[in-house]
Amino acid sequence: AQSVTQLGSHVSVSEGALVLLRCNYSSSVPPYLFWYVQYPNQGLQLLLKYTSAATLVKGINGFEAEFKKSETSFHLTKPSAHMSDAAEYFCAVSGAGSYQLTFGKGTKLSVIP
Amino acid sequence: EPEVTQTPSHQVTQMGQEVILRCVPISNHLYFYWYRQILGQKVEFLVSFYNNEISEKSEIFDDQFSVERPDGSNFTLKIRSTKLEDSAMYFCASSEARGVGANVLTFGAGSRLTVL
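These protein sequences, in sequence, are chains A and B.
Remember, this note's numbering sits 32 above the position in the first sequence when you count from 1.
Remember, this note's numbering sits 1 above the position in the second sequence when you count from 1.
Simulated from the structure, these hints should not be mistaken for lab results.
Wrong hints could be hidden among the right ones.
[As the list claims (entries may be wrong)] With a straight-line Cα cutoff of 25 Å, these simulated DMTMM-like cross-link-like pairs (lysine to aspartate or glutamate) come out: (1) B:Lys43 x A:Glu120; (2) A:Lys137 x B:Asp63; (3) A:Lys137 x B:Glu60; (4) A:Lys90 x B:Glu2; (5) A:Lys90 x B:Glu4; (6) B:Lys43 x A:Glu103; (7) A:Lys137 x B:Glu45; (8) A:Lys90 x A:Glu120; (9) A:Lys140 x B:Glu4; (10) A:Lys137 x B:Glu86; (11) B:Lys43 x A:Glu98; (12) B:Lys79 x B:Glu69; (13) B:Lys79 x B:Glu60; (14) B:Lys79 x B:Glu45; (15) A:Lys140 x B:Glu86; (16) B:Lys79 x B:Asp64; (17) A:Lys140 x B:Asp87; (18) B:Lys79 x B:Asp63; (19) B:Lys43 x A:Asp117; (20) B:Lys58 x B:Glu19; (21) A:Lys137 x B:Glu57; (22) B:Lys58 x B:Asp72; (23) A:Lys90 x B:Glu97; (24) A:Lys140 x A:Asp117; (25) A:Lys137 x B:Asp87; (26) A:Lys137 x A:Asp117; (27) A:Lys140 x A:Glu103; (28) A:Lys140 x B:Glu45; (29) B:Lys79 x B:Glu4; (30) B:Lys43 x B:Glu60; (31) B:Lys43 x A:Glu96; (32) B:Lys58 x B:Asp87; (33) B:Lys79 x B:Glu54.
Keep in mind it's a predicted model, so treat the numbers as computed, not measured.
Whenever a hint applies, use it, and build me the whole structure from the sequences.
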């Protein structure tokens with residue numbers, strides 16, 4: 033069984049500040065991990081994915097995430113927030129051979145000018 | 002960039018009515034999915050579909066739900082007799098292949114269903 037916990041349903045940062053969105057997972061098999069972003073009135077867009085290669089994963093729009101097995105974490109970071117980063121971010125996990133993605137509840141990111 | 006399209010974007014229906022949500026997956030994708038998100042809750046897996054049959058389904062996907070690929074392009078989710086608790090955003094997704102590595106899903110913008 034797999035599960036994802038995203039700490040903080042709402043995070044606010046100032047423009048130019050570090051973005052840190054937290055995700056912890058639970059998986060009985062080696063996980064594949066994903067971050068998706070949802071802009072208003074749009075679908076879920078893949079930001080980045082971890083597939084057991086490099087533990088530091090770079091995604092689109094300057095985001096990156098680090099897989100830490102010892103902490104069962106996959107936190108999403110961006111060094112400098114931009115107004116266009118305001119959106120809802122979802123962490124998700126799947127296991128090898130599964131069709132399912134298990135999502136976290138999502139974290140809404142607000143960027144303050 | 003190829004995208005998954007969903008119609009309608011918003012549907013309001015009376016309890017007990019049948020609803021069909023439609024999706025056009027990316028043309029070369031072989032796997033199709035429905036997920037839903039009740040307001041304020043997690044995005045939940047409903048069903049996956051491959052080679053004209055259901056490959057996985059969740060406990061949520063009971064006899065009230067069905068999926069179909071009626072032609073070469075559409076993928077539909079039918080709810081036979083809607084209940085208030087079916088009110089949610091329904092996301093369609095597709096993927097190219099399951100493969101050995103991670104299965105990357107492309108999602109549509111969603112169809113919001115409101116049951117009164």
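For each hint, the structure was consulted:
no.: 1; hint: B:Lys43 x A:Glu120; in the structure: holds, 12 Å
no.: 2; hint: A:Lys137 x B:Asp63; in the structure: holds, 23 Å
no.: 3; hint: A:Lys137 x B:Glu60; in the structure: holds, 19 Å
no.: 4; hint: A:Lys90 x B:Glu2; in the structure: holds, 20 Å
no.: 5; hint: A:Lys90 x B:Glu4; in the structure: holds, 22 Å
no.: 6; hint: B:Lys43 x A:Glu103; in the structure: holds, 23 Å
no.: 7; hint: A:Lys137 x B:Glu45; in the structure: holds, 10 Å
no.: 8; hint: A:Lys90 x A:Glu120; in the structure: holds, 19 Å
no.: 9; hint: A:Lys140 x B:Glu4; in the structure: holds, 24 Å
no.: 10; hint: A:Lys137 x B:Glu86; in the structure: holds, 18 Å
no.: 11; hint: B:Lys43 x A:Glu98; in the structure: holds, 23 Å
no.: 12; hint: B:Lys79 x B:Glu69; in the structure: holds, 8 Å
no.: 13; hint: B:Lys79 x B:Glu60; in the structure: holds, 16 Å
no.: 14; hint: B:Lys79 x B:Glu45; in the structure: holds, 17 Å
no.: 15; hint: A:Lys140 x B:Glu86; in the structure: holds, 24 Å
no.: 16; hint: B:Lys79 x B:Asp64; in the structure: holds, 10 Å
no.: 17; hint: A:Lys140 x B:Asp87; in the structure: holds, 24 Å
no.: 18; hint: B:Lys79 x B:Asp63; in the structure: holds, 11 Å
no.: 19; hint: B:Lys43 x A:Asp117; in the structure: holds, 21 Å
no.: 20; hint: B:Lys58 x B:Glu19; in the structure: holds, 20 Å
no.: 21; hint: A:Lys137 x B:Glu57; in the structure: holds, 22 Å
no.: 22; hint: B:Lys58 x B:Asp72; in the structure: holds, 22 Å
no.: 23; hint: A:Lys90 x B:Glu97; in the structure: holds, 22 Å
no.: 24; hint: A:Lys140 x A:Asp117; in the structure: holds, 10 Å
no.: 25; hint: A:Lys137 x B:Asp87; in the structure: holds, 18 Å
no.: 26; hint: A:Lys137 x A:Asp117; in the structure: holds, 18 Å
no.: 27; hint: A:Lys140 x A:Glu103; in the structure: holds, 23 Å
no.: 28; hint: A:Lys140 x B:Glu45; in the structure: holds, 18 Å
no.: 29; hint: B:Lys79 x B:Glu4; in the structure: holds, 22 Å
no.: 30; hint: B:Lys43 x B:Glu60; in the structure: holds, 15 Å
no.: 31; hint: B:Lys43 x A:Glu96; in the structure: holds, 23 Å
no.: 32; hint: B:Lys58 x B:Asp87; in the structure: holds, 16 Å
no.: 33; hint: B:Lys79 x B:Glu54; in the structure: holds, 15 Å
When each numbered hint is compared with the structure, no violation occurs for any of them.
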